[in-house]
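Enquirer: Residue strings, one per chain:
2 protein chains.
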Amino acid sequence: MNAVKDNSVKDKSVKESTRQTIIDISIKLFAQSGYANVSVRDIAAAVGIKPASLYYHFDNKQTLYLASIKEVFSSKAIALTEILQIQEPAETKLKYYIYKFSELASEDEPFRRLIQREMLDGDEQRMQYLAEKVFQDQFNALSLLVLEIDPQCDPHLNAISVLSLILYHLETTPIRYFLKGYKKQHNQAEFIAQHVFNLLMNGLLRSDTL
Amino acid sequence: MNAVKDNSVKDKSVKESTRQTIIDISIKLFAQSGYANVSVRDIAAAVGIKPASLYYHFDNKQTLYLASIKEVFSSKAIALTEILQIQEPAETKLKYYIYKFSELASEDEPFRRLIQREMLDGDEQRMQYLAEKVFQDQFNALSLLVLEIDPQCDPHLNAISVLSLILYHLETTPIRYFLKGYKKQHNQAEFIAQHVFNLLMNGLLRSDTL
DNA sequence: TTAAAACTAACTAACATTCGTTAGGTATCT
DNA sequence: AGATACCTAACGAATGTTAGTTAGTTTTAA
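Protein chains in written order, with my numbering: chain W, 776 to 985; chain L, 776 to 985.
Heads up, a few of these hints could be off.
Intra- or inter-copy, both count: the list cannot distinguish identical chains.
Said to hold, decoys possible - Straight line, CA to CA, 30 Å or less: simulated DSS-like cross-link-like pairs of lysine-lysine: (1) Lys870 <-> Lys836; (2) Lys836 <-> Lys955; (3) Lys825 <-> Lys803; (4) Lys851 <-> Lys868; (5) Lys851 <-> Lys958; (6) Lys955 <-> Lys868; (7) Lys870 <-> Lys955; (8) Lys958 <-> Lys870; (9) Lys958 <-> Lys908; (10) Lys870 <-> Lys825; (11) Lys958 <-> Lys825; (12) Lys959 <-> Lys825.
By construction, these hints were calculated from the structure, which means they are not laboratory data.
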């Protein structure tokens, strides 16, 4: 008889709250198709409720979208900042960072796509949010790291270059598929990381073999 | 009497055809806001005609969009393929390519944004079109170039890396604005090119000074 | 040469859908 | 009884698109 009470206990491990389910599904849909191409009805259908019920959990579509990107970005920010905490020589640290970041970035496609979409359509306010809440800490740490490797360099430029090599490679996967020399291995995190680290250490000369 | 015939000669230099005006305006609008966020009413208003009149020139919105991206991409493809034609040593050629490509890419924001959008939302068919009609030739040439610099390397990876460093830098401008070490000069084509070439030649070590 | 026909390039007005959103009702559980 | 979490039904606005019309120009034919 008391077994019924077990339902009232928020068993997050067993069943997610509806609010969280909505966010999770919204993340996937918004990342896949973009804000304007996902209707409230699409989201409701995917969740398994009626459109009007969404408005019990969120004020409007915009609010739901903001909750979604905050969820993706803040959850990722935690994982990212952890990467640069280790105590090692600069080069080892960079290598570790590149490998770890490649892994995280290639695992989470919605995260990548939402960043891309925000880069295109995000207003200044959301851009600032993205910079401060997601990238600032690790960007600063990465800047210091590349500065340690070469004290003469422009750390902003070099930090962006590190991220470029990893992220743009992943972003261009659908078109690279049609470009000469494409191989399946090119999409594996470890392979990307190896290439990027090698390139950053040696430049185009003395680069990795085929 | 035959003077009337002069009217039939399309004086393109004086006044663009309506069709071309529609495409030009569509390119800007689609690049700026994306397909779904631009209504045919928006386009018509910007052109200075009524929405229904658009359907005299184009079958539907999708057709107009396709005509727009084909226009941007094919016009750019011509300029791009010219870059790699010169006869010079490999390194000089690469340097020239990087400078020229940085210039072209930073000049034409709609071109960049439409590529970005296609990368996110283009279907397989459009991706193949983009690859074959815009990038294939120069990608092959660039691949050969990096292969010449290091015969042991994976040309696909290295060619993408060259493009990454330039394009991603430009794409991230709105967020870089909020990141540490941002400077206005970072957006100048020549500055970007100098950094990228230096990085590719020497890696992070012995890189450009501040 | 000139009147008729056909074409060009725009228009007005409206259509059917889809959209985000809201008001008000209902079942379940504390 | 009241709160929670959903529902049905509908609203007004915006969307892509079409039908039908008109004015001006060009082509054709008598």
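Enquirer: Up to 30 Å between alpha-carbons, please classify Lys851 paired with Lys868: within, between, both or neither.
Expert: within (20 Å within a copy, 40 Å between copies)
Enquirer: Given a CA cutoff of 30 Å, do Lys958 and Lys870 count as a within-copy pair, a between-copy pair, both, or neither?
Expert: both (23 Å within a copy, 27 Å between copies)
Enquirer: At most 30 Å between alpha carbons: which applies to Lys959 and Lys825, within, between, both or neither?
Expert: neither (41 Å within a copy, 49 Å between copies)
Enquirer: Can you give me the call for Lys870 and Lys836, within, between, both or neither, at a CA distance of at most 30 Å?
Expert: The answer is neither: 41 Å in one copy and 48 Å across copies each exceed 30 Å.
Enquirer: For the identical chains here, do Lys870 and Lys955 meet the 30 Å Cα criterion within one copy, between copies, both, or neither?
Expert: Both, since 28 Å and 22 Å are each at most 30 Å.
Enquirer: Tell me, please, which holds for Lys836 and Lys955 at an alpha-carbon limit of 30 Å: within, between, both or neither?
Expert: This pair counts as neither: shortest intra-copy Cα distance 42 Å, inter-copy 33 Å.
Enquirer: When Cα atoms must be at most 30 Å apart, do Lys851 and Lys958 count as within-copy, between-copy, both, or neither?
Expert: both (28 Å within a copy, 27 Å between copies)
Enquirer: Can you tell me if Lys825 and Lys803 fall within 30 Å by alpha carbon in one copy, between copies, both or neither?
Expert: For Lys825 and Lys803, the Cα distance is within 30 Å only inside one copy (19 Å; across copies 38 Å).
Enquirer: Classify it for me, Lys958 with Lys908: is the Cα-Cα distance of at most 30 Å met within a copy, between copies, both or neither?
Expert: For Lys958 and Lys908, the Cα distance is within 30 Å only across copies (21 Å; inside one copy 35 Å).
Enquirer: Between Lys958 and Lys825, at a C-alpha cutoff of 30 Å, which is it: within one copy, between copies, both, or neither?
Expert: Classified as neither: same-chain Cα gap 44 Å, cross-chain 49 Å, threshold 30 Å.
Enquirer: Please work out whether the CA atoms of Lys955 and Lys868 approach to 30 Å or closer within one copy, between two copies, in both situations, or in neither?
Expert: Answer is between: at 20 Å across copies they meet the 30 Å cutoff, but 33 Å inside does not.
Enquirer: Reference check for the pair Lys870 and Lys825, CA-CA at most 30 Å: within, between, both, or neither?
Expert: neither (49 Å within a copy, 58 Å between copies)
The structure shown violates the earlier hints numbered 1, 2, 10, 11 and 12.
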